[in-house]
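A.B. asks: Sequence:
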Amino acid sequence: MSSQTNNSSHNTKIKTRGEKHYVMIYTRYERFWHWSQAILIFTLFYTGLGLHGTHSLLDFQTAVVIHTYGALALIVLWIFTTFWNFTTGQWRQYLFKEGVLKVIRFYAYGILAGEPHPYKKGLQRKQNALQSMAYMAFMVLIGPALWASGIIYLVYDLWSGHSWSADGLTLIAFIHTAAAFLMGTFVIIHIYMTTTGKTPTHYIKTMMTGYDNIELTEAEIAYIEETHAIAMKDEP
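In this note's numbering, the protein residues as written are 1 to 236.
Fair warning: there could be bad hints in the mix.
Each computed SDA-like pair below joins lysine to any residue, with the alpha-carbon atoms no more than 25 Å apart [claimed, not checked]:
{"hint": "1", "residue 1": "K205", "residue 2": "V187"}
{"hint": "2", "residue 1": "K102", "residue 2": "A137"}
{"hint": "3", "residue 1": "K120", "residue 2": "G99"}
{"hint": "4", "residue 1": "K126", "residue 2": "Y94"}
{"hint": "5", "residue 1": "K97", "residue 2": "Y119"}
{"hint": "6", "residue 1": "K121", "residue 2": "I204"}
{"hint": "7", "residue 1": "K198", "residue 2": "T209"}
{"hint": "8", "residue 1": "K126", "residue 2": "Y109"}
{"hint": "9", "residue 1": "K20", "residue 2": "K102"}
{"hint": "10", "residue 1": "K205", "residue 2": "T217"}
{"hint": "11", "residue 1": "K233", "residue 2": "G197"}
{"hint": "12", "residue 1": "K97", "residue 2": "T195"}
{"hint": "13", "residue 1": "K102", "residue 2": "L130"}
{"hint": "14", "residue 1": "K205", "residue 2": "H228"}
{"hint": "15", "residue 1": "K205", "residue 2": "L57"}
{"hint": "16", "residue 1": "K20", "residue 2": "Y223"}
{"hint": "17", "residue 1": "K97", "residue 2": "Y107"}
{"hint": "18", "residue 1": "K120", "residue 2": "F138"}
{"hint": "19", "residue 1": "K198", "residue 2": "M208"}
{"hint": "20", "residue 1": "K121", "residue 2": "E225"}
{"hint": "21", "residue 1": "K121", "residue 2": "T217"}
{"hint": "22", "residue 1": "K198", "residue 2": "V103"}
{"hint": "23", "residue 1": "K120", "residue 2": "S56"}
{"hint": "24", "residue 1": "K20", "residue 2": "Q124"}
Restraint-style ranges between C-beta atoms, simulated for each label pair [what the hints assert, rightly or not]:
{"hint": "25", "residue 1": "L57", "residue 2": "L154", "range": "16 to 26 Å"}
{"hint": "26", "residue 1": "Y153", "residue 2": "T82", "range": "18 to 28 Å"}
{"hint": "27", "residue 1": "R92", "residue 2": "G53", "range": "39 to 49 Å"}
{"hint": "28", "residue 1": "W91", "residue 2": "L182", "range": "19 to 29 Å"}
{"hint": "29", "residue 1": "W35", "residue 2": "W91", "range": "36 to 46 Å"}
{"hint": "30", "residue 1": "P200", "residue 2": "A137", "range": "39 to 49 Å"}
{"hint": "31", "residue 1": "Y223", "residue 2": "G53", "range": "52 to 62 Å"}
{"hint": "32", "residue 1": "T185", "residue 2": "Q124", "range": "21 to 31 Å"}
{"hint": "33", "residue 1": "R92", "residue 2": "A173", "range": "35 to 45 Å"}
{"hint": "34", "residue 1": "H202", "residue 2": "L154", "range": "34 to 44 Å"}
{"hint": "35", "residue 1": "D59", "residue 2": "R92", "range": "42 to 52 Å"}
{"hint": "36", "residue 1": "G53", "residue 2": "L154", "range": "17 to 27 Å"}
{"hint": "37", "residue 1": "E225", "residue 2": "W159", "range": "52 to 62 Å"}
In short, the hints are calculated from the structure, not lab data.
Positions of the beta carbon are idealized from the N, C-alpha and C atoms, including for glycine.
Taking the hints into account, I'd like the entire structure generated from these sequences.
C.D. replies: Structure representation (structure tokens):
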């Protein structure tokens, strides 16, 4: 549970189970992590395209410097975020959940037919089954493939003298580029998904303010009433 507090949380009347509440569902660190990561990923993708000759808006050396420092900053952010996820228990949000086929069906057909979303967001279930699977793949496969191949590429001078170095460099470059395009695909889908909320900007606003309108369980209501540890407000 978030340790963030808000004076309004002491004055907001707790409703009964089944009614929705505007609750601080994303902590300050989650929002910092999300937006910092977004800026760094866009920076890396932009400079990476420049390094591959897709555009010439930056000279090669400048693109190399920005790309390198941006990558190192992203690695540090991921390390701190991994530590934060495990120490706060938030890693459980990314475990496989049942109902992934229902969610896929909803986005493939149900959303166009006006069907209700099969998933309800909560304090302990911020992501639906499809999101959890995608984020897990991002953090366990795509992310590590990017930074591992990037670091190996960065220290090429340390192993360039081996007979296999040329073939090795080609392989590393391929892995790095493939992982980068997978990340780009993830980001494009992620941006599209942000438009599928109650309004096209609902999810963006939620990630900026931290608040969302969700149902609370009886245990969560009791916890908030007793500790006031989670900020609430009456209006969005």
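A.B. asks: Determine for every hint whether it applies to the structure shown.
C.D. replies: Here's how the hints hold up against the structure:
Restraint check for K205 and V187: the C-alpha separation of about 18 Å stays at or below 25 Å, so the hint holds. With a C-alpha separation of about 19 Å, the suggested pairing of K102 with A137 holds against the 25 Å cut-off. Distance check on the hinted pair: K120 and G99 sit about 12 Å apart at the alpha-carbon level, within 25 Å; holds. For the suggested pair K126 and Y94, the alpha carbons sit about 9 Å apart, so the restraint of at most 25 Å is met.
The hinted pair formed by K97 and Y119 meets the criterion: a straight-line CA distance of about 11 Å does not exceed 25 Å. The straight-line distance between the Cα atoms of K121 and I204 is roughly 15 Å, inside the 25 Å bound, and the hint therefore holds. About 16 Å separates the Cα atoms of K198 and T209, which keeps this hinted pair within 25 Å; it holds. Only pairs whose Cα atoms come within 25 Å are accepted, and K126 paired with Y109 is accepted, the gap being roughly 22 Å.
A threshold of 25 Å between alpha carbons decides the hint, and for K20 with K102 the separation of about 23 Å falls inside it, so the pair holds. Simply put, K205 and T217 have alpha-carbon atoms about 24 Å apart, close enough for the 25 Å limit, and the pair holds. For a cut-off of 25 Å, the pair hint linking K233 to G197 stands: about 20 Å separates their Cα positions. With a C-alpha separation of about 23 Å, the suggested pairing of K97 with T195 holds against the 25 Å cut-off.
With a C-alpha separation of about 9 Å, the suggested pairing of K102 with L130 holds against the 25 Å cut-off. For a cut-off of 25 Å, the pair hint linking K205 to H228 stands: about 23 Å separates their Cα positions. Note on K205 and L57: the hinted pairing is violated, with a Cα-Cα distance of about 32 Å set against a maximum of 25 Å. Annotation: proposed proximity of K20 to Y223 holds, straight-line Cα distance about 16 Å (limit 25 Å).
Between K97 and Y107 the alpha-carbon distance is near 17 Å, which keeps this suggested pair within the 25 Å criterion. Between K120 and F138 the alpha-carbon distance is near 23 Å, which keeps this suggested pair within the 25 Å criterion. The suggested pairing of K198 with M208 holds, with an alpha-carbon distance near 16 Å, which does not exceed 25 Å. As the CA atoms of K121 and E225 are separated by approximately 20 Å, the hinted pair is consistent with the 25 Å bound.
Between K121 and T217, the direct Cα distance comes to roughly 12 Å. Compliance with the 25 Å bound is thereby established for this hinted pair. Taking the CA atoms of K198 and V103, the gap is about 16 Å. The hint holds against a cut of 25 Å. The hinted pair formed by K120 and S56 fails the criterion: a straight-line CA distance of about 46 Å is larger than 25 Å. Restraint check for K20 and Q124: satisfied, since their Cα atoms lie roughly 15 Å apart, inside the 25 Å limit.
The hint said 16 to 26 Å for the Cβ distance between L57 and L154, and at roughly 23 Å that hint holds. The hinted window of 18 to 28 Å between Y153 and T82 holds, with their beta carbons roughly 22 Å apart. Roughly 43 Å separates the CB atoms of R92 and G53, a value that falls within the hinted 39 to 49 Å. Evaluation of the 19 to 29 Å hint for W91 and L182 yields a pass: the beta carbon distance comes to about 22 Å.
Range check, W35 to W91: Cβ separation about 21 Å, and the 36 to 46 Å hint is violated. Roughly 26 Å separates the CB atoms of P200 and A137, a value that falls outside the hinted 39 to 49 Å. Range check, Y223 to G53: Cβ separation about 55 Å, and the 52 to 62 Å hint holds. For the pair T185 and Q124, the beta carbons lie near 29 Å from each other, so the given range of 21 to 31 Å is met.
Look at R92 against A173: about 36 Å separates their beta carbons, and that is inside 35 to 45 Å. Look at H202 against L154: about 40 Å separates their beta carbons, and that is inside 34 to 44 Å. Take D59 and R92: their Cβ atoms lie about 46 Å apart, and the range 42 to 52 Å holds. Restraint check, G53 to L154: a C-beta distance of roughly 20 Å satisfies the suggested window 17 to 27 Å.
Taking 52 to 62 Å as the suggested C-beta distance range, the pair E225 and W159 conforms, at roughly 60 Å.
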